[in-house]
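J.: Listed below are the residues making up each chain.
4 protein chains.
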Amino acid sequence: MKETIVKVIKKVELGDPILIEGLPGVGHVGKLVAEHLVEELNAEKIIEIYSPHFPPQVLINDDFTADLVKNEVYAYKSDTKEDILIVVGDHQCVTNEGHYEITGIILDISQEYSVKRIYTLGGYGTGQLTESGTVLGAVNNTDMVEEMKGYGIEFRDNEPAGGIVGVSGLLLGMSKFVDIDAACLMGITSGYLVDPKSAQAVLSVLSKILDLEINTQALEDRAKDMERIIAKIVEMEQMQMQHDVGTDEDLRYIG
Amino acid sequence: MKETIVKVIKKVELGDPILIEGLPGVGHVGKLVAEHLVEELNAEKIIEIYSPHFPPQVLINDDFTADLVKNEVYAYKSDTKEDILIVVGDHQCVTNEGHYEITGIILDISQEYSVKRIYTLGGYGTGQLTESGTVLGAVNNTDMVEEMKGYGIEFRDNEPAGGIVGVSGLLLGMSKFVDIDAACLMGITSGYLVDPKSAQAVLSVLSKILDLEINTQALEDRAKDMERIIAKIVEMEQMQMQHDVGTDEDLRYIG
Amino acid sequence: MKETIVKVIKKVELGDPILIEGLPGVGHVGKLVAEHLVEELNAEKIIEIYSPHFPPQVLINDDFTADLVKNEVYAYKSDTKEDILIVVGDHQCVTNEGHYEITGIILDISQEYSVKRIYTLGGYGTGQLTESGTVLGAVNNTDMVEEMKGYGIEFRDNEPAGGIVGVSGLLLGMSKFVDIDAACLMGITSGYLVDPKSAQAVLSVLSKILDLEINTQALEDRAKDMERIIAKIVEMEQMQMQHDVGTDEDLRYIG
Amino acid sequence: MKETIVKVIKKVELGDPILIEGLPGVGHVGKLVAEHLVEELNAEKIIEIYSPHFPPQVLINDDFTADLVKNEVYAYKSDTKEDILIVVGDHQCVTNEGHYEITGIILDISQEYSVKRIYTLGGYGTGQLTESGTVLGAVNNTDMVEEMKGYGIEFRDNEPAGGIVGVSGLLLGMSKFVDIDAACLMGITSGYLVDPKSAQAVLSVLSKILDLEINTQALEDRAKDMERIIAKIVEMEQMQMQHDVGTDEDLRYIG
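Protein chains in written order, with numbering that gives the first Met the number 0: chain A, 0 to 254; chain B, 0 to 254; chain C, 0 to 254; chain D, 0 to 254.
Rather than coming from a laboratory, the hints here were simulated on the basis of the structure.
C-beta atoms are modelled at their ideal positions from N, C-alpha and C, and glycine is treated no differently.
Worth double-checking, as some hints may not be accurate.
[Stated by the list, open to error] Sample of chain D residues lacking proximity to chain B, with all beta carbon distances greater than 10 angstroms (derived):
no.	residue
1	Met0
2	Pro54
3	Lys80
4	Gln110
5	Gly162
6	Arg227
7	Ile228
[What the hints assert, rightly or not] In silico DMTMM-like pairs for lysine to aspartate or glutamate, Cα to Cα no more than 20 angstroms straight-line:
no.	chain 1	residue 1	chain 2	residue 2
8	B	Lys69	D	Glu96
9	C	Lys6	C	Asp66
10	B	Lys223	B	Glu234
11	D	Lys175	B	Glu234
12	A	Lys69	B	Glu96
13	D	Lys69	D	Glu47
14	B	Lys1	D	Asp107
15	C	Lys175	D	Glu96
16	B	Lys1	D	Glu2
17	C	Lys6	A	Glu81
18	C	Lys1	A	Asp107
19	C	Lys175	D	Glu81
20	B	Lys148	A	Glu96
21	C	Lys69	A	Asp210
22	C	Lys223	C	Glu34
23	D	Lys1	C	Asp107
24	C	Lys175	D	Asp178
25	A	Lys76	A	Glu130
26	A	Lys148	C	Glu234
27	D	Lys175	B	Glu71
28	D	Lys1	C	Asp66
29	B	Lys1	B	Glu12
30	B	Lys1	A	Glu2
31	C	Lys1	A	Asp61
32	C	Lys148	D	Asp107
33	B	Lys6	D	Asp178
34	A	Lys148	C	Asp62
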């Protein structure tokens with residue numbers, strides 16, 4: 000395997016679908032949302048992407064079988080709402096060129112399926128452990144800004160300051176070349192931990208956009224687990240601070 | 000040399016052989032077992048693989064000649080038992096793409112020789128200096144799990160947690176595409192040191208699988224040397240700890 | 000996108016133009032000057048260069064749209080003076096090979112437009128926060144040295160000691176192969192901070208070379224902002240030094 | 000420039016020459032010897048090699064012109080002794096694959112010129128600042144060992160322990176494939192500093208092999224400069240040690 004392999008598992012008929020991308024990234028926000036959607040919509044796997052630009056690694060399944068690191072595309076066919084393609088994966092590429100190549104492949108698939116709009120999902124790390132529920136936006140077509148604001152997405156001057164890195168960013172930049180509208184939805188998150196709470200915020204916005212009611216119980220459960228972990232971290236930090244103060248006081252006696 | 004070179008040294012006739020891979024990795028467990036097998040079975044070198052993805056380096060032999068870093072395939076023809084191909088090597092690739100390419104080459108060879116099953120050998124690092132003799136397994140076909148358990152191989156939920164990295168992992172993942180059953184046998188090891196004791200455990204399991212009696216004296220000797228080294232390390236650590244305690248006590252007098 | 004893309008936006012008629020390159024580098028001196036020129040001359044964008052060797056990233060514009068990282072070529076057509084091509088960009092390549100490829104592309108463009116001379120702009124980091132206004136030179140043709148000295152450019156033995164890295168350097172080295180004269184103008188700078196003051200010095204020299212009067216107000220404003228920031232840093236350093244001395248004195252009382 | 004370029008400057012007639020390689024490496028021993036040979040033999044440049052695998056950089060000459068990083072081949076035609084090809088260069092490649100490619104190119108040149116033997120020159124770092132004058136050897140053909148010992152070259156079991164890295168090593172490993180005898184001569188050196196003293200030792204051995212008398216004044220001068228620098232370093236280290244002891248004594252008074 001010297002080249003990236005696009006393995007088509009099934010061809011499906013879709014009507015000008017929406018494509019949603021949620022690969023691993025800051026706080027795993029995009030990945031959590033996209034995988035939740037695949038599960039709740041009971042979407043069907045149609046494509047697997049293997050690449051020498053992914054880490055040279057297999058992951059072990061629950062039945063003790065090993066699977067190559069890969070990206071996958073799932074399809075959801077709706078009778079009454081929008082058809083949807085969802086891109087998920089275990090890892091992003093580890094080489095610079097790989098990010099560009101995988102993005103190109105997702106856009107080829109988008110053109111083949113006449114995708115009419117792309118939403119890329121991610122997290123925006125602030126370095127603060129406080130939650131906000133804010134979803135930040137960026138687009139590839141300024142006409143979309145007002146519409147997105149209508150869904151509660153915020154647009155802030157000069158944010159994200161460093162731009163958007165990885166496939167979520169490149170899809171936004173490269174979709175312009177093939178005339179597909181695209182937006183990136185970024186859940187505000189600390190950037191230190193997997194953040195199902197921020198994923199809930201992104202999912203909530205996305206549900207409005209897609210006009211779908213999606214059960215969020217699984218994300219809520221994970222968010223509650225995470226809250227307990229964060230409370231524990233904060234508690235330990237406070238204890239550490241008191242201990243540090245204590246130590247300083249002890250030190251004064253040495254003088 | 001801009002491309003990987005597969006140098007066929009000799010063509011041999013084998014009857015649907017088993018392929019065993021033991022390249023350098025955690026605790027050099029796989030390498031120790033595979034090289035021991037080559038020596039004890041007096042297997043014959045049939046292929047050398049050179050690649051610009053290997054480190055740009057030569058190693059010096061006992062007769063002061065230098066050899067390019069390479070991977071090698073040895074063949075063992077048996078009158079009564081399974082024929083065997085064994086993959087060994089000085090190094091794994093240093094580029095991401097190289098791992099995928101070398102794995103593809105090993106699978107090409109496997110198909111050419113009608114290999115019926117692949118065993119990849121490695122170590123599973125626990126961070127503990129205690130020995131266990133446990134051999135952990137992963138497969139590419141869930142039907143193999145019960146058979147492997149019969150040989151004393153353990154299967155544990157979510158282990159190895161990080162998956163399996165390098166050719167041992169990729170062979171497991173990619174052999175599915177060419178319909179060859181494969182299992183990875185991982186000796187539990189500290190991950191800090193070359194571990195002939197763990198290699199003995201893997202070799203013992205592999206001997207049962209292959210129904211071969213293999214002299215393990217050489218591995219036992221190396222294991223005893225290693226035990227002495229580990230005892231020395233533990234002793235030094237204890238002395239260091241006592242010394243640290245001593246220093247702490249001295250410090251109290253300053254107060 | 001597996002290959003670098005040169006997107007021609009517009010063909011223009013120019014008379015043996017001069018090409019000026021100012022990509023990001025030490026103190027962003029070259030980038031500041033080249034972008035200032037584009038703005039003041041109201042130059043027209045004629046080419047965009049996209050590459051998998053650039054960081055896999057988009058940058059966010061003021062209208063919340065995202066743009067792929069790219070390099071750009073602008074054209075300035077003059078009635079009375081030299082026509083000019085200006086190369087600017089957000090980033091340089093992140094791979095080794097990319098620098099060579101982008102330089103080759105700029106030279107292809109130079110040949111297509113019959114460029115008669117190339118000026119590459121950069122900073123030369125000294126590690127000192129003192130300003131000097133000096134512009135250091137290097138050429139690809141020793142005949143140019145005296146002419147360049149006439150514009151106030153200094154040539155110093157063995158400087159820059161480490162050579163010139165990136166596209167500014169490679170353009171100098173590779174333009175010889177296509178018989179185009181080239182000079183690199185390097186503003187002396189600390190190397191720690193974006194340096195609009197050093198950019199002013201380079202712009203001043205370049206204006207003389209091009210026989211153009213260029214409004215430098217924007218650069219002057221940025222330089223004044225930067226002076227305030229540097230004054231603040233120096234002040235903080237002095238306070239820190241006094242504090243350190245204070246601490247040392249305190250420590251003496253412990254003895 | 001997306002590919003490595005071999006620029007033939009001049010074709011020369013040579014009688015089965017010897018090829019000597021001295022690119023930058025440990026202590027720059029090989030580079031010092033090879034460049035000294037080029038100068039003393041007044042050898043003629045016949046080939047320049049440019050590559051996107053070299054650092055993206057130009058170096059500045061004494062006349063303020065800039066040259067791309069490159070490797071070069073020089074030819075020396077003798078009336079009475081062996082003809083010689085000498086490979087020198089500013090840098091080695093910065094990519095893994097580049098080392099293999101440049102080595103392949105040197106071997107292509109060797110075959111074109113019917114090279115009958117290759118000597119690669121380097122340093123062997125011991126981590127000690129003591130000089131020894133020892134030259135260590137490795138070969139690609141065990142028949143050469145006795146001959147090399149006759150020139151005072153030492154062969155030691157398991158040294159260099161880590162093998163030989165870079166073009167000097169790869170030439171040894173890959174020359175076997177084209178049936179050219181090769182030896183690597185390594186001057187023992189600290190590995191911390193440029194070492195003209197070790198270069199003198201290697202040059203002395205090489206002069207015997209080539210049956211040439213070579214003026215070593217330039218290397219001797221550089222060696223004397225280096226001795227003064229090392230003496231200074233040793234002196235400073237001793238002062239530092241005394242100072243440290245002093246500080247420790249002062250500290251005792253605190254208790």
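J.: With reference to the structure, classify each hint as holding or not holding.
T.: Going down the list of hints, with the structure as the test:
In this structure D:Met0 is separated from chain B by more than 10 angstroms, as the shortest Cβ-Cβ distance comes to about 16 angstroms. The Cβ of D:Pro54 lies farther than 10 angstroms from every Cβ of chain B, with a closest approach of about 16 angstroms, so its non-interface assignment holds. Residue placement check: D:Lys80 keeps its beta carbon more than 10 angstroms from all beta carbons of chain B (closest about 27 angstroms). Non-interface status of D:Gln110 relative to chain B is upheld: no Cβ of that chain comes within 10 angstroms, the nearest being about 14 angstroms off.
A Cβ of chain B approaches the Cβ of D:Gly162 within 10 angstroms, the least distance being about 4 angstroms, so the stated non-interface status is violated. Annotated as non-interface, D:Arg227 keeps its C-beta farther than 10 angstroms from every C-beta of chain B; the closest such distance is 35 angstroms. Once the 10 angstroms rule is applied to beta carbons, D:Ile228 is consistent with being away from chain B; the minimum gap is 31 angstroms. The suggested pairing of B:Lys69 with D:Glu96 holds, with an alpha-carbon distance near 14 angstroms, which does not exceed 20 angstroms.
Of the pairs offered as hints, the one joining C:Lys6 and C:Asp66 holds, with about 14 angstroms between alpha carbons and a cut-off of 20 angstroms not exceeded. Taking the CA atoms of B:Lys223 and B:Glu234, the gap is near 17 angstroms; set against the 20 angstroms cutoff, the hint holds. As the CA atoms of D:Lys175 and B:Glu234 are separated by approximately 48 angstroms, the hinted pair breaks the 20 angstroms bound. A distance of roughly 14 angstroms separates the Cα atoms of A:Lys69 and B:Glu96; the hinted pair therefore holds under the 20 angstroms criterion.
Proximity of D:Lys69 to D:Glu47 is assessed by CA-CA distance (about 7 angstroms); at most 20 angstroms being required, the pair is judged to hold. With a CA separation close to 13 angstroms, the supplied pair B:Lys1 and D:Asp107 stays within the 20 angstroms bound. Proposed proximity of C:Lys175 and D:Glu96 is contradicted: the alpha carbons are some 27 angstroms apart, above 20 angstroms. As the CA atoms of B:Lys1 and D:Glu2 are separated by approximately 11 angstroms, the hinted pair is consistent with the 20 angstroms bound.
Between the alpha carbons of C:Lys6 and A:Glu81 the distance comes to roughly 35 angstroms, so the proposed pair goes past 20 angstroms and is violated. Restraint check for C:Lys1 and A:Asp107: satisfied, since their Cα atoms lie roughly 13 angstroms apart, inside the 20 angstroms limit. A hinted pair counts as satisfied when its Cα atoms are at most 20 angstroms apart, and C:Lys175 with D:Glu81 does not qualify at roughly 35 angstroms. The straight-line distance between the Cα atoms of B:Lys148 and A:Glu96 is roughly 42 angstroms, outside the 20 angstroms bound, and the hint therefore fails.
Pair hint C:Lys69 plus A:Asp210 does not hold up; C-alpha atoms about 36 angstroms apart against a cutoff of 20 angstroms. Among the hinted pairs, C:Lys223 with C:Glu34 is consistent with the structure: their alpha-carbon atoms are about 18 angstroms apart, no more than 20 angstroms. For the given pair, D:Lys1 sits about 13 angstroms from C:Asp107 by alpha-carbon distance, which is consistent with the 20 angstroms threshold. Between the alpha carbons of C:Lys175 and D:Asp178 the distance comes to roughly 38 angstroms, so the proposed pair goes past 20 angstroms and is violated.
In summary, the hint linking A:Lys76 to A:Glu130 is not supported, as the alpha carbons are separated by about 34 angstroms, beyond the 20 angstroms threshold. Note on A:Lys148 and C:Glu234: the hinted pairing is violated, with a Cα-Cα distance of about 45 angstroms set against a maximum of 20 angstroms. For the hint linking D:Lys175 to B:Glu71, the alpha-carbon distance of about 17 angstroms falls within 20 angstroms, and the restraint holds. A distance of roughly 26 angstroms separates the Cα atoms of D:Lys1 and C:Asp66; the hinted pair therefore is violated under the 20 angstroms criterion.
Restraint check for B:Lys1 and B:Glu12: not satisfied, since their Cα atoms lie roughly 31 angstroms apart, outside the 20 angstroms limit. At most 20 angstroms may separate the alpha-carbon atoms for a hinted pair to count; B:Lys1 and A:Glu2 meet this at roughly 16 angstroms. About 36 angstroms separates the Cα atoms of C:Lys1 and A:Asp61, which puts this hinted pair outside 20 angstroms; it is violated. Between C:Lys148 and D:Asp107 the alpha-carbon distance is near 45 angstroms, which puts this suggested pair outside the 20 angstroms criterion.
The suggested pairing of B:Lys6 with D:Asp178 holds, with an alpha-carbon distance near 16 angstroms, which does not exceed 20 angstroms. Taken as a hint, the A:Lys148 and C:Asp62 pair is honoured in the structure, with Cα atoms around 13 angstroms apart against an allowance of 20 angstroms.
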